[in-house]
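Could you put together the complete structure from these sequences and hints?
2 protein chains.
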Amino acid sequence: MSTKKSIDYKLYLVTDRNVLGNRDLIQSVEEAIQGGATVVQLREKNCSSLDFYNLAIKLKKVTSKYGVPLIINDRLDIALAVKADGLHIGQEDLPLTVVKTIVGDDMIIGVSANTLEEALLAEKQGADYVGIGAVYPTDTKLDADYLTLDDLRSIRKAISIPIVGIGGINEKNAVEVMGTNIEGVAIVSAILGKQDVKQAAQELLRKINN
Amino acid sequence: MSTKKSIDYKLYLVTDRNVLGNRDLIQSVEEAIQGGATVVQLREKNCSSLDFYNLAIKLKKVTSKYGVPLIINDRLDIALAVKADGLHIGQEDLPLTVVKTIVGDDMIIGVSANTLEEALLAEKQGADYVGIGAVYPTDTKLDADYLTLDDLRSIRKAISIPIVGIGGINEKNAVEVMGTNIEGVAIVSAILGKQDVKQAAQELLRKINN
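Residue numbers (the UniProt record's numbering), protein chains in the order written: chain X, 1 to 210; chain F, 1 to 210.
Because the hints were derived from the structure by calculation, they are not lab data. There is no bait here: all hints are sound.
No more than 30 Å apart at the CA atoms, straight line, and that leaves these computed lysine-lysine pairs for DSS-like:
no., chain 1, residue 1, chain 2, residue 2
1, F, 58, X, 100
2, X, 100, F, 83
3, F, 58, X, 124
This is the structure we're talking about:
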């Protein structure tokens, strides 16, 4: 397990089986890691707890092999069950304060924030990082509200914990998002929706690093 | 919190908002407890984690007031978050062995079993009770397989932990189910689907006690 301080949020992969078509999730994530993904978040919304657990166990083997942190979306029970490195919670998930009473500081806890107020509260309540967005319109999360790059800059100035931009970020706009001085970009379709997942990750990382 | 040994499984209420129509879940459960429900299982399949948590917090206040154990269906994270008395897991939920590594003996753990083999395994792995069924056809769980009363008797002879029969049990058949020498009946529609919830619970308890 990575220590919290050393985590590189630069290329934060979020899974979505809908964009994968018939391709295998585990194999695709491994290719994304080989291409440079620095964090993996497993996000599953429509499967049984057993299926989620089995998938997370398999994915943990891959992320552990490459030393990349595995973060589970929403489900603290799954995160505990597979000893994941972290949990990512949205505003419709368990409250951060409740999660902290259960896991203390043993797990990386990320929180989705759509506003400056939500970001400030998450930092105050002990989040390790925030996911801020949606930065651009996205097909993978239709109910999202949008923020501007100026909003990102304002939030960056207001809080000290790492910020990952999320929502519609791809090879065309990743550079301008990183230009707001945040720590990373969360990517779904622009990696897992591409035919060559490894190459897509490599290309994104190259652009971000330049 | 009740100690595990003292739990009375006799009239085990399982919630289902679909059978409630427009009536309030929390108030209906309180009426069921006033009518004699001895255990309450909160079962939610289609809401956010935050909604599930908020509902469970409210329900916990009611069950605590009456000293009735609150058991959460499927979601260990919700059970931990609200300090529920127990967790009930089905065969598509987190594996019992995994749950036990997280909660140890601090929580009542119930397991759904459809066969003698599943019941034996649950007992061996440390379940505190098993829910066996479905005993009769039911509208609230359409994918269930059915067991006969003879199956229930066989399982009763094979295991020592408490057994709760589940699936289509109502005021017409509860007595014959309890006649298989099991500890309790799990009821959904035959309490929460009735106009007078309290009276329905009272009537069921009266029949079971006779």
